[in-house]
Each structure stands twice: as structure tokens, then as C-alpha cells.
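I would like the entire structure built from these sequences, with the hints used as guidance.
Its first residue numbered 1457, the sequence shown is counted upward by one per residue in this note's numbering.
Be aware that a few hints might be false.
[Stated by the list, open to error] With a Cα cut of at most 27 angstroms, we get these calculated BS3-like pairs of lysine-lysine:
| hint | residue 1 | residue 2 |
| --- | --- | --- |
| 1 | K1512 | K1561 |
| 2 | K1498 | K1512 |
| 3 | K1557 | K1498 |
| 4 | K1501 | K1525 |
| 5 | K1557 | K1525 |
| 6 | K1557 | K1501 |
| 7 | K1512 | K1557 |
| 8 | K1525 | K1512 |
| 9 | K1528 | K1561 |
[Claimed, not checked] Derived CB-CB ranges, DEER-like:
| hint | residue 1 | residue 2 | range |
| --- | --- | --- | --- |
| 10 | A1540 | H1503 | 27 to 33 angstroms |
| 11 | H1503 | K1557 | 17 to 23 angstroms |
| 12 | L1555 | L1476 | 50 to 56 angstroms |
| 13 | V1544 | L1479 | 52 to 58 angstroms |
| 14 | L1481 | T1532 | 40 to 46 angstroms |
| 15 | Y1489 | G1513 | 37 to 43 angstroms |
| 16 | I1529 | T1474 | 54 to 60 angstroms |
| 17 | G1530 | V1482 | 44 to 50 angstroms |
| 18 | V1544 | T1474 | 57 to 63 angstroms |
What the hints contain is simulated information worked out from the structure, not anything from laboratory work.
For glycine and all other residues, C-beta sits at the position ideal for the given N, C-alpha and C.
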Amino acid sequence: MLISPAYAQAASGGTESTLLGLLPLVLMFVVLYFVMIRPQLKRQKEHKAMIEAVAKGDEIVTAGGFLGKVSKIGDTYIGVELAAGLEVQMQRTAVVQVLPKGTIK
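Listed below in C-alpha cells is the structure:
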């Protein structure tokens, strides 16, 4: 016949070559954890602490870019006075930054 039979080669290597093959993948995951995941978790923790510390009278910046003064505090919602006589209700998580006192004139 024109086609010669192909025979399987004996398996060489073993668990050592498999572990060496997985080493780059494990190393990439470790680098990804320290470069991306860990800093993001730290930022989330800081943001949560800032939101819980918001008090009446604090001057804040919202996620929409509004500057206002906190007038009411609730569990999930806060009242923010944007201008004299203009008060809006928003979620606490919409607070992006707490400004120093006297920033808003």
C-alpha cells in the first residue's frame, strides 16, 4: 500500500513537564491580582468608609458632577441641597467625594 502505518510514540515527560507548563499561567494570575484586583478592592473599601462617614452639613460631589450640601441623612438615600431652596434626594453611593468645609460659596 501507499500509506504506511503510524505508530504512537511512548509518552515522555510526566508531571514535571505539566507543572512547568502551568507555571506561566499561575505567575500571570499572581501579577494580575497584585496589579488590578487588590488596588480595586482597596478603593472600594475606602469609598464605602467615606459614604458611611457622610454627615449632615458635609459638602459633596456627586457622580453626576453636582456640588451640594447634605441636608438629610437616611439609610440608603441622602438629601442634598444644590442651591438655596433646591433639594434633591439621591442614593448614598452617588457620592464621589467629600469636600473640605467652605469649598462651596
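Hints, one by one, checked against the model:
1. Proximity of K1512 to K1561 is assessed by CA-CA distance (about 17 angstroms); at most 27 angstroms being required, the pair is judged to hold.
2. For a cut-off of 27 angstroms, the pair hint linking K1498 to K1512 stands: about 26 angstroms separates their Cα positions.
3. Distance hint between K1557 and K1498 is fulfilled; the C-alpha atoms sit about 26 angstroms from each other, no more than 27 angstroms.
4. A threshold of 27 angstroms between alpha carbons decides the hint, and for K1501 with K1525 the separation of about 23 angstroms falls inside it, so the pair holds.
5. Pair hint K1557 plus K1525 holds up; C-alpha atoms about 10 angstroms apart against a cutoff of 27 angstroms.
6. Of the supplied pair hints, the one linking K1557 and K1501 holds, its CA atoms being roughly 23 angstroms apart against a limit of 27 angstroms.
7. Taken as a hint, the K1512 and K1557 pair is honoured in the structure, with Cα atoms around 12 angstroms apart against an allowance of 27 angstroms.
8. Of the supplied pair hints, the one linking K1525 and K1512 holds, its CA atoms being roughly 8 angstroms apart against a limit of 27 angstroms.
9. At roughly 20 angstroms between alpha-carbon atoms, K1528 and K1561 fall within 27 angstroms of each other, so this suggested pair holds.
10. In this structure the hint that A1540 and H1503 lie 27 to 33 angstroms apart at CB holds, the actual value being about 29 angstroms.
11. H1503 and K1557 have their C-beta atoms about 21 angstroms apart, which keeps the hinted 17 to 23 angstroms range intact.
12. The hinted range of 50 to 56 angstroms is satisfied by L1555 and L1476, whose Cβ atoms lie roughly 54 angstroms apart.
13. With their beta carbons about 55 angstroms apart, V1544 and L1479 fall inside the hinted range of 52 to 58 angstroms.
14. Here the CB-CB span from L1481 to T1532 is close to 42 angstroms, well matched to the stated 40 to 46 angstroms.
15. A hinted range of 37 to 43 angstroms for the beta carbons of Y1489 and G1513 is consistent with their spacing of about 40 angstroms.
16. Between I1529 and T1474 the Cβ separation comes to about 57 angstroms, which falls inside the hinted range of 54 to 60 angstroms.
17. In this structure the supplied range 44 to 50 angstroms holds for G1530 paired with V1482, their Cβ-Cβ distance being about 46 angstroms.
18. Separation of V1544 from T1474 is about 60 angstroms and conforms to the stated range, judged on CB atoms against 57 to 63 angstroms.
Comparing the model with each earlier hint shows no violations; every hint is respected.
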